[in-house]
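A.B. asks: Sequence:
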Amino acid sequence: MQWFCQYLLAPQSDRQQILSNQFTRSFYDFFAENNFARLKEYLQRKYKLDIFADQDTQTGLDRKAFLEDFILFNNPRREEWEKTSKLIEFLNLQKGTAIADIGSGPGYYSFQFSQLVGDKGQVYAIDTVKNHLNYVKSTSQKFGINNIKTVHTAGDSVDLPANSVDIAFLCSLYHNIYAMSREDERDSFVKSIKEALNPDGTLFIIDNALVKKSELPYHGPYIAKELIIGQLKYYGFHLVKEHTYIPQRYILAFKKD
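Per our numbering, the very first residue in the sequence shown carries number 379; after that it's consecutive.
The set of hints was computed from the structure by calculation and includes no laboratory data. Don't be surprised by glycine CBs; every beta carbon is placed ideally from N, CA and C. There's no promise every hint is true.
What the hints assert, rightly or not - Label pairs and their calculated CB-CB ranges:
#, residue 1, residue 2, range
1, S566, I466, 24 to 34 angstroms
2, E458, E620, 41 to 51 angstroms
3, P389, G614, 50 to 60 angstroms
4, I429, K461, 36 to 46 angstroms
5, Q390, P625, 35 to 45 angstroms
6, G614, S542, 13 to 23 angstroms
7, E458, K424, 20 to 30 angstroms
8, P389, K520, 20 to 30 angstroms
9, I607, L427, 42 to 52 angstroms
10, D432, K619, 44 to 54 angstroms
Modelling step: build the complete structure from the supplied sequences, incorporating the hints.
C.D. replies: In structure tokens form, the structure reads like this:
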């Protein structure tokens, strides 16, 4: 919400610059459409400012989660706390790379990957939420992006062909896989990633460490990196490098055994 406040309070002369990035503009348009109808709905649902007929149903809960995830995923201020550009630099993406953005949400990383891998590269935006993928698809069409393919899954597989990607990328997702999936679902999910990776492919897992409250750039779930490293060893991966750009968020890079 801070970004919207910043924009709405900015002088008219500054607003054009704030929206100069096409993906920032698309984020704004999504919530500003119909007199900020979606932004109002998000606030009403989150803070119970209005009553919705579906608010206690799974449909209502899913709608609230979709709007909240959208704001968190594609927020223009995400770079400020996450240092996204440094994280992407760590991936060392090359032209022609095929990368799976697993748990893509509304495409925050997918769109950036698309620009880096070029026309000969391929980005797979993979998610369980169809509304997120619909946004990725419509935004890609709007901006003439032809190297992103959306993949809607049930969550127990990435649904990609064998040996189809050079990089599998999971950002702030593995804690959900660990905490919310059954063991057989997790086994199937990781197996599908392993099968989709080329023999020399790399699996990057980015997630959140437990840090002091004073060091938190944002509040979110966390998982010890040692737990991930141990589980991935069980699944036939070994850690090749790791890095931390901010206290809360670490990057782990794995290769297949």
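A.B. asks: Just to be sure I understand the hint, the distance between the Cβ atoms of E458 and E620 should be within 41 to 51 angstroms; is that true here?
C.D. replies: Between E458 and E620, where Cβ atoms are some 23 angstroms apart, the hint is violated.
A.B. asks: Is 13 to 23 angstroms a correct range for the gap between the Cβ atoms of G614 and S542?
C.D. replies: holds (18 angstroms)
A.B. asks: Okay, D432 versus K619 on CB: inside 44 to 54 angstroms?
C.D. replies: With a Cβ separation near 46 angstroms, D432 and K619 satisfy 44 to 54 angstroms, so the hint holds.
A.B. asks: Is the hinted range of 35 to 45 angstroms satisfied by the C-beta distance from Q390 to P625?
C.D. replies: holds (38 angstroms)
A.B. asks: State, for the Cβ atoms of I607 and L427, whether the hinted interval 42 to 52 angstroms holds or is violated.
C.D. replies: holds (43 angstroms)
A.B. asks: Is 50 to 60 angstroms a correct range for the gap between the Cβ atoms of P389 and G614?
C.D. replies: holds (56 angstroms)
A.B. asks: Is it true that the C-beta distance of S566 to I466 lies inside 24 to 34 angstroms, as the hint says?
C.D. replies: holds (29 angstroms)
A.B. asks: Between I429 and K461, does the beta-carbon spacing fit 36 to 46 angstroms?
C.D. replies: holds (40 angstroms)
A.B. asks: Starting from the range 20 to 30 angstroms, see whether the pair E458 and K424 falls in it by beta-carbon distance.
C.D. replies: At 22 angstroms between Cβs, range holds.
A.B. asks: Given a hinted range of 20 to 30 angstroms, is it respected by the beta-carbon distance of P389 and K520?
C.D. replies: holds (28 angstroms)
Checked against the numbered hints given earlier, this structure breaks only hint 2.
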